[in-house]
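**Student:** Below, each chain spelled out in residue letters.
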Amino acid sequence: MAGSLIKLEEVTVSSSTASVTLGDSDWDSSYDVYMVQYSNVVPVTDNQEVRMRFTEGGTPNTSANYDYAYKIIETLAAGFEVFPATNQTYFRGVRYGNNTGEAGNATLYLFNMNSTTEYAFYTLEENAYINGAATIAGCTGGGVLTVTGTARDGIEFSFPSGNIDSGTFTLYGLKK
Amino acid sequence: MAGNLELVKSASGTSVSSLSVTDCFSADYDVYFVEVAKSLNSVEANLDIRFIDSGGSIIADSEYDYATLQLNSNTTFGERQSTGTTNISRLVVFGGDELKTGGTGYAYVFNPYDSSSYTFTQGASQSIQGTTFVGDKQIGIHKSAEQITGIALIPSGGTTTLTINVYGVK
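So the protein lines, in turn, are chains A and B. Using the working numbering, you'd call the opening residue of the first sequence number 1 and step up by one each time. Using the working numbering, you'd call the opening residue of the second sequence number 1 and step up by one each time.
Don't take every hint at face value.
Stated by the list, open to error - Pairs of lysine-lysine, BS3-like flavour, derived with a Cα cap of 25 Å:
#1 A:K7 <-> B:K170
#2 A:K71 <-> B:K143
#3 A:K175 <-> B:K170
#4 B:K143 <-> A:K7
#5 A:K175 <-> A:K71
#6 B:K170 <-> B:K9
#7 B:K9 <-> B:K38
#8 B:K9 <-> A:K175
To be verified - Restraint ranges, calculated between C-beta atoms of paired labels, are given here:
#9 A:K175 <-> B:A37: 16 to 26 Å
#10 B:T86 <-> A:D28: 41 to 51 Å
#11 A:S19 <-> B:T159: 45 to 55 Å
#12 B:D23 <-> A:D24: 31 to 41 Å
#13 B:A60 <-> A:Y119: 46 to 56 Å
#14 A:T45 <-> B:A145: 19 to 29 Å
#15 B:A37 <-> A:T117: 17 to 27 Å
#16 B:D53 <-> A:T150: 48 to 58 Å
What the hints contain is simulated information worked out from the structure, not anything from laboratory work. From the three backbone atoms N, C-alpha and C, an ideal C-beta is built for every residue, glycine too.
Let the hints inform the model, and build the full structure from the sequences given.
**Tutor:** Spelled out as structure tokens, the structure:
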């Protein structure tokens with residue numbers, strides 16, 4: 001796999017920030033598939049899930065057209081959870097905390113982003129440590145934005161309540 | 001702003017009970033991609049992860065948690081999870097010598113060199129068990145804030161023949 005990832009943008013959050021958008025002016029539409037990776041993401045407010053929206057012209061699409069299906073794999077003895085949803089206004093992962101050691105990491109692949117006639121898909125592989133529950137947990141699965149007509153040019157990350165305290169977010173194109 | 005997967009270090013072993021890649025993690029990268037193109041075990045066994053500390057010692061303390069989702073092609077999926085264990089299970093699932101296929105897999109390793117954070121893994125692997133395809137999704141953590149400088153892969157039984165490639169994600 002060497003030589004196939006081209007870094008397009010990296011954003012490091014080191015002070016409280018409402019949201020991070022990858023792409024927009026740094027978007028390069030010459031790729032079919034994009035990889036996004038974030039690491040050490042911590043919310044200012046405890047117990048918040050990362051919310052993700054595709055952008056169009058740099059603006060997040062906030063319509064209720066996000067469907068996703070995940071399995072949450074975790075170390076809790078209660079077992080893994082099935083986590084489907086339709087007609088949401090965002091993609092999401094598990095909830096992150098802000099106590100000692102807590103952070104979230106993930107790898108996403110984005111598909112059909114530059115098409116105006118096809119839905120945009122994504123896959124999510126996530127791993128977060130949740131101190132209060134003494135568990136690691138993460139979504140594995142994917143989702144779709146069921147909208148056509150406008151090409152997508154990025155992805156926005158935020159929390160439902162409070163800001164992003166820290167984390168590094170990176171966008172790559174997969175060389176054809 | 002071009003970047004890449006940059007090969008940091010490789011290691012190979014033949015019929016070994018453990019294979020270490022030392023000094024492959026540094027301050028140069030936050031995220032690493034560890035790839036095993038093929039591991040061929042002497043018996044049906046997983047290839048598990050332990051990390052190596054800044055003194056060069058393999059960490060075998062009960063400081064690891066993991067959860068895996070086993071995806072079988074012919075039956076229901078299986079869920080495995082454990083806390084306070086001595087390794088992260090399954091960088092590669094099974095990988096026995098049936099059909100001489102072995103197993104393949106990868107894991108991203110997050111923040112290993114940061115002495116103030118835990119080290120996380122996230123990966124996937126696949127192999128043949130008997131004649132059945134088996135896939136596996138894995139997440140894990142080394143739950144001690146310390147500097148990690150290397151990785152060791154250890155078969156859960158028997159010996160293994162493999163090559164490990166460690167890339168920095170730039």
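**Student:** Does each hint fit the structure? Answer for all of them.
**Tutor:** Hint by hint, here is what the structure shows:
no.: 1; hint: A:K7 <-> B:K170; in the structure: holds, 7 Å
no.: 2; hint: A:K71 <-> B:K143; in the structure: holds, 23 Å
no.: 3; hint: A:K175 <-> B:K170; in the structure: holds, 15 Å
no.: 4; hint: B:K143 <-> A:K7; in the structure: violated, 30 Å
no.: 5; hint: A:K175 <-> A:K71; in the structure: violated, 29 Å
no.: 6; hint: B:K170 <-> B:K9; in the structure: holds, 15 Å
no.: 7; hint: B:K9 <-> B:K38; in the structure: holds, 17 Å
no.: 8; hint: B:K9 <-> A:K175; in the structure: holds, 23 Å
no.: 9; hint: A:K175 <-> B:A37: 16 to 26 Å; in the structure: holds, 20 Å
no.: 10; hint: B:T86 <-> A:D28: 41 to 51 Å; in the structure: holds, 44 Å
no.: 11; hint: A:S19 <-> B:T159: 45 to 55 Å; in the structure: holds, 50 Å
no.: 12; hint: B:D23 <-> A:D24: 31 to 41 Å; in the structure: holds, 38 Å
no.: 13; hint: B:A60 <-> A:Y119: 46 to 56 Å; in the structure: holds, 47 Å
no.: 14; hint: A:T45 <-> B:A145: 19 to 29 Å; in the structure: holds, 23 Å
no.: 15; hint: B:A37 <-> A:T117: 17 to 27 Å; in the structure: violated, 37 Å
no.: 16; hint: B:D53 <-> A:T150: 48 to 58 Å; in the structure: holds, 50 Å
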